[in-house]
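Starting from the structure of chain C, add chain A where the hints point.
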Amino acid sequence: MDTRILLCIDDTDDLDSPGTGELAEEIGAHIRTRGWDVPAPITRHQLLIHPDIPYTSHNSSMCLAATIDGRHYQALIDWSGDFLAKRSAPGSDPGLCVLRPDKLDQPAALIGFGRRAKAEVLEQRAAHELAAALGIHLSEHGGTGQGVIGALAGAALRLEGKDGRMRGTLRDFAAGTQVPVLALLQHPAVDEVRQVDGPALSPDALVMIGEKPKSVMQDGRFVLLVQADTPTHPGIWRTCTRQELQAY
Amino acid sequence: MPRSYPAPGLDLGIPRGDHAAATAQAARCPGFTPDDEDEWAADEARSCFNCRWRRWTPASFRCLAPTPPT
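Residue numbers (the numbering used here), protein chains in the order written: chain C, 1 to 248; chain A, 1 to 70.
Bound-form chain C, shown alone:
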């Protein structure tokens, strides 16, 4: 039976090792080799930057959504835990969170934890207690295991669908080209093309593709945010720059 899952990892790297996003990508690749589906991009979730938090350099977690054969749920958790133990950087504090959104009785409690992790210093014990109460898998795979806080928070924020930006970029669209919204919507990482402070664009609107465009999570959808490009291309929109997307 197909089961939708969220899988989030955090604190797997150091300054010299592959980033957490790269490891999340490898877990996604493993899921695909099993014939299961990873239909949307991995999301990056920025958590609080604070002197009391021992992050490597940016304190972000990476979350993927997948649809798997539910009979292999525990086996995937076991594989992912072993993978993190082997592939995380020495001295890192990796954490793994896996949950089935359809089985969550109190999603609001989890989402509240995710929001708090963006604003407060949270304790490892609180993460474990909440995960246990909600029937969520949360495990430590080295070091202090402090990454469980970010792993749980990242899964919570992905579940809520109002935070984070896609890992990678919309590589199918070359910078400097004008693309109709209808074509952009065919991409698995674009559910909607929307003005930063305004409504969605119509399917026939044109968007000038900038360098390394990314979609962000808004209202549970991958949204490509655009701005009016009035000075150079009247009537045409442009994708947001990296600096403009820092808030997401």
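These are calculated hints, taken from the structure and not from any lab test.
One should not assume that every hint holds.
As the list claims (entries may be wrong) - Heads up, simulated EDC-like pairs for lysine to aspartate or glutamate below, C-alpha to C-alpha not over 20 Å straight-line: (1) Lys212(C) / Glu25(C); (2) Lys86(C) / Glu26(C); (3) Lys212(C) / Asp11(A); (4) Lys212(C) / Glu44(A); (5) Lys212(C) / Asp43(A); (6) Lys212(C) / Asp35(A); (7) Lys212(C) / Glu37(A).
Structure of chain A alone, referenced to chain C:
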């Protein structure tokens, strides 16, 4: 009780969001190494804000480059 962790590295005095200063600093830095692109924060590729050795702080960042920047 949470404990505070000592802030490693150097404070280069570049406020978060000062892209001109971060670009100028990186241009003359022999240790600049681009971070994973998903962690880039500046449009200009060669910027302290995109460097593997920057560690974000609430105010800005500290530089952890093995070779201290000039």
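For which of the previously enumerated hints does the structure constitute a violation, in increasing order of number?
3
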